[in-house]
Each structure stands twice: as C-alpha cells, then as structure tokens.
Amino acid sequence: MIFLLLSILSSSVIFVIFKLYNKYGVNTLQAIIVNYFIAFSVGLAIDDQPLNLQRIPGELWFPGTLVLGCLFIAVFYLAAVTTQRSGLSVVSVATKMSVAIPVLFGIFLYSESTGILKITGIVLAMIAVYLTSIKKSDGIAIKKKNLIYPLLVFFGSGIIDATIKYLETTYVAEVDVALFSATIFAIAGCIGISILIIQAARGTLKITFRNILGGIALGIPNFFSIYFLVMALRSGGYDSSTIFPINNVAIVMLSTFLGILLFGEKIIPKNWIGITLAVISIILIAFA
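So the number in our numbering is just where the residue sits in the sequence shown, counting from 1, plus 954.
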C-alpha cells in the first residue's frame, strides 16, 4: 500500500507543477521534453545494478518501452489539442476514466477477482472522476467534430496503463524496475528532441532557462509516479483492477484539494459530490 500512496502523491505533485507552469509562463512542451531526460537520469541514479546501457536493447521488455515512449508523447499532444478545443475538464475526465481499460485487462486476462463491492466501487470511481473534474454547473459540452480527441486520449491513456501492467507481469524483473521506468522516459525524450529539431529548423524554437527549470522540477515526481505504480503492481497486496481505480480516483481527489489549498480554486456542489463518491469508492474497492 505504501507504494500506491507514494505513486498517488507523486502524480498529485505533477498537477501542482503544471499549475505553476501557467503562473510562470513555462513552455509546456519544452519542459515536458526536459522532464523525460531528468526522469531517465533519476532512474539510472537509483538503479542498484552496474550501469550498462548497451544491454537495454537486448532486454525482453525493450520493445514495449518503445511503444510506451511513443504513446507518452502522442497522448501528451492529443491532451494539449483536447484542452485547446474542449477544455481542461474534458482532458481530466478522459485521462482518468481510461482506468476502465486496465481494469478490464486485469479481470479478463489475469482472471483477477470480481465481486459486487468491487464492481460497485469501480462504477462509483468512474462517476466520481467525472463529477470531481467538471468545473461548470452545466457539465461538459464537446462538439461532435472534436469528439475524436478525448476518445484518443481515453484509449491512449488506458493502453499505457494496460501495457505497463503486461510488461511488469511478463518481462520486468524486480531488479530492473528502475531501469525499465527510466528507459520509457528516455525514448519519449528522444522523440521529443526530434520535435524540437523540427521547430529549430523552422526558426520557431526558443529555449529558456525557465523551461529547463520547469522540466527539472517535473522530471523527479514524474519518474516516481511510474516507478511507484510499477512497485505497487508488483507488491502482491492488491490486484491491478484494484490498484488502478484507487490510484486514479485518489489522484483526482488529492489534486482537487491541492487546487483549493494552494491556488484558491473554486469548486461547485457537483465536485463535492464527486469527492464524497471518491472516498466511498476507494473504501469499497480496497475492502472488496
């Protein structure tokens, strides 16, 4: 349980950092790319094994990290487009409700436990995510022409979680968790560098120390959000169909409270209902 709590805390810190990006005018794309290399460096620093980067391409989990690295960048881009076209609440709902994919993955592929309490908890968690994420009393409105973007964020985020579960279960040894997590970020960073090269060729690239500092601040909690999630999945205390919904709904709940405490964000009655349902869902899923 401690690893799950640390993963939730790390992911919630990421939310705070993103809010500070808006306040201090940090270029999100540049900071994200820097963050990937910082996360990679953190992974190498905590890895207990002798440093041998040449062995990474030969690991059975390496092809999977290539897929995950590409998905990290793709989902980030789609999330940015969705935010621009439909708003931040839509992105939040699409990202967190994608938990349905790894939950179904765990139940059907690994025959993880089900029961009335667990199913009820998962359903309440999905409702809680929606109610906690919306910031307008009239709910969320998406134009038909823009519907494809949150759908792609939904499936992309869900596939990322399911793929991490599959690789962690099938190929990743316990001693390789740090290196496995670091490699994902390194691949995403390399893809990001190619984007910056294209921007430089077009004459639109302007790198500032502020963006680099923002990436450094993000990279540390971002690495540990994945590292601790993998460790939670490996702990054996709970099924992945239990861990993923608790992780996602707790992040939404904690991020909401941090928004209130640190940034004075206002929440509507629907948000309070969502927070209440979130607490209930966590209790039901955990005790199921």
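If you're looking for bench data, these hints aren't it; they were derived computationally from the structure. For every residue, glycine included, the Cβ atom is placed at its ideal position computed from N, Cα and C. Warning: the hint list may mix true and false statements.
[Claimed, not checked] Here are the in silico distance ranges between beta carbons for each label pair:
(1) Q1008 - G979: 17 to 27 Å
(2) G979 - K1220: 43 to 53 Å
(3) E1128 - L963: 19 to 29 Å
[As the list claims (entries may be wrong)] 30 Å max Cα-Cα, derived DSBU-like pairs, lysine-lysine:
(4) K977 - K1089
(5) K1220 - K1098
(6) K1224 - K1089
(7) K1099 - K973
(8) K1224 - K1097
(9) K1097 - K1220
(10) K973 - K1160
(11) K973 - K1097
ask   = Can you give the numbers of the hints that this structure goes against, from lowest to highest?
value = Going through the list in order, the structure violates hints 1, 2 and respects the others.
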